[in-house]
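Novice: Sequence:
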Amino acid sequence: MNEQLFPDVDHQSTRSGHRFARLRSLPLRVILPNLVTLLALCAGLTGIRMGLEGRFEWAVGAIVLAALLDAVDGRVARWLKGTSRFGAELDSLSDFVNFGVVPGLLLYIWVLKSTASVGWLAVLAYVVAAMLRLARFNVMLDTPKPAWQANFFTGMPAPAGAIAALLPLYLAQIFDFQPGRPIAGMVAVYLVFVAFMMVSTIPTFSGKKFGARIPRDKVIPVSGAVVVLIAALVSFPFPILAIVTIAYLAYIQFGWRLFHRLDREWKAGEAAAAGPGKTTDEADEGEPVDPESSETVDR
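My numbering applies: residue 1 is where the sequence shown begins, and numbers increase by one.
Because the hints were derived from the structure by calculation, they are not lab data. Every residue gets a Cβ at the ideal spot worked out from N, C-alpha and C, and that includes glycine. Don't take every hint at face value.
Said to hold, decoys possible - Derived EDC-like pairs (lysine to aspartate or glutamate); straight-line CA-CA distance at most 20 Å:
1. 113 x 57
2. 218 x 270
3. 145 x 53
4. 145 x 263
5. 145 x 265
Claimed, not checked - DEER-style ranges, computed between Cβ atoms:
6. 243 x 221: 27 to 35 Å
7. 49 x 80: 25 to 33 Å
8. 28 x 274: 31 to 39 Å
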């Protein structure tokens, strides 16, 4: 038998189309981003174990760690010029588990099991919404759109949806109360709301380009602020996560208004630049967004 026990993985760069499988060995810069993605997957799955053991603080920490690693792996791949189609597919599958399956199961273990079928239907709605969102994200990578729309997501991204879905758990830990069936019913309704936000077309501000470049005189203050934020998150995880989640949900309406204002201004500018020789549809066409500029956290 000449078949290999472990067949070669065909890594194809998303930038140049070069297939690394033609080489006798893969450079570390191609493998390292995939290792970060696998670490994120392990963190998310560990959250299920912590939930089954009743250690919800650690379960939430595992999901937050998975979200942080998910935000890093795409950037690491671009910095090292190790982006590949294999890595993109691996990241998408990891996101579905970490931000779709794990939060839903964690809420079911915590409180939704007391509502029997109603709670489970809410979990199913959330998990299916996460899957549909990730599938839509992969399809929309090749959809032409104006460059300014890169600052917005279509609906709530999966990592943000996972963090937002756990808001009732944060509040229960802060105020130290035991949820009953009425609370469980409200949690189920809230989970369905988050699921709707994930699959909706409501634009949400991404902030991907915020802080991409920091002025030299702001490096020390920004570094200090990041250290303080991380220390506060470690010391008071549930209050910080609750505040961030509530602020994020409240800001959605402002992101929606900003999107439509920029859209009107852009269409007006395109129509004026097109002149009488072009139709409105021709003026509305945008340039395709380079997949390399998209963050994996968009999903």
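Novice: State for each hint whether it applies.
Specialist: Results for each hint:
no.	hint	verdict
1	113 x 57	19 Å, holds
2	218 x 270	36 Å, violated
3	145 x 53	46 Å, violated
4	145 x 263	11 Å, holds
5	145 x 265	15 Å, holds
6	243 x 221: 27 to 35 Å	21 Å, violated
7	49 x 80: 25 to 33 Å	31 Å, holds
8	28 x 274: 31 to 39 Å	49 Å, violated
Hint check: violations occur at hints 2, 3, 6 and 8; the rest are consistent with the structure.
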